[in-house]
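Number of protein chains: 4
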Amino acid sequence: MSDNTAPVAPEAMAGLLAANSGFVTSYGGDPFTARAADLIRQMLDADAEVRFVASGTAANAVALAALCRPFESVLAHEHAHAATDETGAPGFFGHGLGMIPLPGAHGRIEADALAAALAQPQNGHVQSPGAISLTNATEYGAVYSAPALGGLIGAAKAKDVGVHLDGARIFNAAAAGFDLVAIRPLGVDILVVGGTKAGMPPTEALVIFDRKLAHRLDARLKQSGQLPSKGRFYAAPFIGMLEDGAVLRHAAHANAMAARLAAAMPFALNHPVESSGVFVDMDESTRLRLEAAGWASSRFLDGSVRFMCSWATTPQAVDELAEALNSIR
Amino acid sequence: MSDNTAPVAPEAMAGLLAANSGFVTSYGGDPFTARAADLIRQMLDADAEVRFVASGTAANAVALAALCRPFESVLAHEHAHAATDETGAPGFFGHGLGMIPLPGAHGRIEADALAAALAQPQNGHVQSPGAISLTNATEYGAVYSAPALGGLIGAAKAKDVGVHLDGARIFNAAAAGFDLVAIRPLGVDILVVGGTKAGMPPTEALVIFDRKLAHRLDARLKQSGQLPSKGRFYAAPFIGMLEDGAVLRHAAHANAMAARLAAAMPFALNHPVESSGVFVDMDESTRLRLEAAGWASSRFLDGSVRFMCSWATTPQAVDELAEALNSIR
Amino acid sequence: MSDNTAPVAPEAMAGLLAANSGFVTSYGGDPFTARAADLIRQMLDADAEVRFVASGTAANAVALAALCRPFESVLAHEHAHAATDETGAPGFFGHGLGMIPLPGAHGRIEADALAAALAQPQNGHVQSPGAISLTNATEYGAVYSAPALGGLIGAAKAKDVGVHLDGARIFNAAAAGFDLVAIRPLGVDILVVGGTKAGMPPTEALVIFDRKLAHRLDARLKQSGQLPSKGRFYAAPFIGMLEDGAVLRHAAHANAMAARLAAAMPFALNHPVESSGVFVDMDESTRLRLEAAGWASSRFLDGSVRFMCSWATTPQAVDELAEALNSIR
Amino acid sequence: MSDNTAPVAPEAMAGLLAANSGFVTSYGGDPFTARAADLIRQMLDADAEVRFVASGTAANAVALAALCRPFESVLAHEHAHAATDETGAPGFFGHGLGMIPLPGAHGRIEADALAAALAQPQNGHVQSPGAISLTNATEYGAVYSAPALGGLIGAAKAKDVGVHLDGARIFNAAAAGFDLVAIRPLGVDILVVGGTKAGMPPTEALVIFDRKLAHRLDARLKQSGQLPSKGRFYAAPFIGMLEDGAVLRHAAHANAMAARLAAAMPFALNHPVESSGVFVDMDESTRLRLEAAGWASSRFLDGSVRFMCSWATTPQAVDELAEALNSIR
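Residue numbers (the working numbering), protein chains in the order written: chain A, 1 to 329; chain B, 1 to 329; chain C, 1 to 329; chain D, 1 to 329.
If you're looking for bench data, these hints aren't it; they were derived computationally from the structure. A portion of the hints provided could be inaccurate.
Just so you know, same-sequence chains aren't split out, so a pair can sit in one copy or run between any two.
What the hints assert, rightly or not - Straight-line alpha carbon distances no greater than 20 Å define the calculated SDA-like cross-link-like pairs of lysine to any residue that follow:
#: 1; residue 1: K212; residue 2: G187
#: 2; residue 1: K159; residue 2: R216
#: 3; residue 1: K212; residue 2: G124
#: 4; residue 1: K157; residue 2: R216
All chains should be modelled from the sequences, with the hints used to inform the complete structure.
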């Protein structure tokens, strides 16, 4: 159904437990937060302001509010989470900030559509683009290559448009070959590194490469309800998952489970299976039969039925699901 | 220094670990969330919509935004957390919502001041009160009695002013004799039950007694970045702490530690010690000597130096602090 | 080019001059405002709160903010002014309020599309409809009949969705046969009566039928920058134009000029000419030749080239334009 | 009672009538707007973006929103219009933007109080200053000298705090000797030139000296409901009043009427009479007797009773009021 239904990976929980000892400074002034931020910077091989927040929706919205003014818009894939599935959070945190939906196969923004949007005349009657929001892996499990991402970013930057990268499943992209070290050189201004979908309890790392965007950042976060008092509990899972590379191992596992499911899938794939999701062409009566057989799935924006694998998905579960799919077909 | 510097109590962590097993519905549709909400309703002996969110700042701000429109104001003690220490979060979540600061000894709003504010003429040029925000225990560790709270609430309700109760330290108030079951009959519309300061990892229960205020509540929370995907991790600590009454036991301990400190305190108390905080009259050079001796404290809005006890404060620590205080005096 | 390029009609200016004498109460407490509000109520044969504000964009946005909460959306024609041409003002005044664009021929919302949008499942991840925004005459000069409007309103009301009527060109609709007295019985909650496009200096009447929505209305308007200090200057033009029916006479003239242009038009009409606008199929090189010949026009959202008539458009001008159009064809 | 109760001066109305001819580009692209902007720049001897908007409340709020982010605050005199009399408009347009009230005699901010506010430690829990809002003439009719204003501005600029000057009565200040040409060199970033109180119909000039703050300004104004379609009607009164210096002549007259009233005033003056307002010490029963005698006045924030002169106040009226005051004394 969703990678949000999974429990927390043992390494993340170990990190949490290890941090739960003694008294430490609140509001992010603790050594766990410092350590986790260092690990993020090492992982990206880049200098950056790093904060740990509770919500990916909020992290994305805060990032977009930092990049734009209310009379501007965010360019995003028409099916991007921030555009369709966050109840207008960018407009709420961004005070009326608009959204310009762009098409593109498999959740990747089409370069021509972006160029056309960026070429639109600017005037007082429209919310012109202030930022582009990219997602890797995409909502449909596709993975941008660094050059593909760089092409979109270059086009945006040429028009002074800021760049946000929604990394809710960035570890799945990394496990599929996307180089995390390329993110900063490509020109990303703000990155959200998803901990939650990667197998942690709720936590996301907000990574601001461009320090000018971090002016009074703690005040911004506090006002937005995203400066946790007991900050160590948002940082610690990252320590547990990053220190020995567990997070990539788990992401690779999730990707492998999706590939295994795809290989056994009796329904047509609507998108290439490049990371942890499998999107298939299935009519509703079939989907309901599957549900009756005990397997949850979700109907997605493009009409696909989605199966999502996580760190906790077992090969047995995949095989049983494949069997169920074959039997209801 | 603060009850936010303490680790998580064992019962809360046990609740968390117990919930970390198997796949459950995301976004609050899981059995842990249902169970924790039931426990909250039982504790309050009242029907209510209950949600578990990450941030007390956000919970308060969302509550006030639900009670007011942007062209209205919130009546609050001039030193209330929502008025002074949340970076304007009520104005951010409430889109310009104002704040009317009221005086009162020990953090309790003075009834006459409230009456005067409610009697102000209303016109198009001012933000008239749409809600009152009360805090129990107060910022200065004082505890409202039910009748005292009822008096303020009654005055507000007579003017159609909504009622928010910030319960960041409601368990400390309860341990000091405040009856939680009285909250609903007194007329509170929205209550925030603080888990974090009570010894849990970051989690707060948003309790909406008046169901009209809960219209499309999940959409409100999601847009505000406060609808956690893995909801079980915000509900589970409450289960661990409420099921066997641990939370009140811990709060009573924190209160007892404050009383122990007060009894040995060589500096004048600025506020009666009714719950977990001790506020004393101490000049800055003395405070710095204390800091040099390894003891953190904070200078508060009224000029007091604050010492805050938590579930994790030991009698030994209190005695050592008392000794240090006596030696630097 | 636009009815906004025209000067002010003599009756409106006479109203203004007549009001410019002596001292009167500010902020709408003056007798001119009272008189103009009475005339609006008479015209609509309905009780209502009436205010006069400077901006149609703001009037629409304030109305939608009154009808919705930020986590809700406004159903509107995909080419409605509020959806496409107000720089996201509803989201700004409504604090992130969303917009659900609906299709429909000639700017009229298609009943089936509305039904489908209203039937969408509601959940925490989407901004469900809180209001519908209708426009009469539409952006394409079409005029809703009362039954057609009533059908859409009825469908919305059945789902507890509030109703806003953007009447930027309501007098053109009225001159084309739409009965203004039907507006209230049809179920409209808030109406904006456009003065500006009707031949007045900038002024719009905000008409709130449902008094519950007018709670602390002056505070709402003041906070929104729409409570004019010298209110008489926004009310007076309405007096001049409503007292002897001039406004409808002028609107009928504008409509007649559009019909005259349509009759002589050598290009295909993209929309029926029911009020004051003529929308034609014209390629860009032809439009530029027309511009070179001294005639301004605008390319509209559906690709049409728009010619807009106003109270000040003369038959001679129409004939000369028709001649120019024929010559460049 | 207020300078908002006066009619429009003949030169302003003449400007309006002169502009009411022929068709001109809408949304500020007309020659009247260009001419009025030139006159404003000449008057200030400075380059600037100039726009004409309907509302001083909105102009101030838009200016402050351009200077600050929501998690910042505006330093303002505790009785400044923007702080006390605009229903929280800065917080609405600025999305939760805070206000830091500062004391000072006669509406002038006290330099020491400003220094103390600017010296406050910055952290994530408070809304630190992003702008200072100054008013000349002040709410109490006092006039800042250029050096006094420069001192405050210098202190603000040294901390990277932006500078807004509310010139609702800037012409009264100018008529009292304040040099308008000094405004830009003193370091003001955004100035609002009040037309309304100066004897025009509702119109204010928004003057942005720092062009970086004018990025996408028309979009900002349109979204805020402050980009008038028929822009000429907000520019034209300025042309009529600025072209031959009428505005200063009228302001000098208003100031002279205040001086005349002060000279005959039987009640103690609470503030020096430096421009057009007279503030006196009068108990409420006396004020009500005055009201019964047909003279409106208003009780101000400091407890004074205010008498406000305008371009339209006649010496006869002043003398009659003085007589009435003497008789009720």
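**Request:** Could you tell me which of the hints above the structure violates, numbers in ascending order?
**Result:** none
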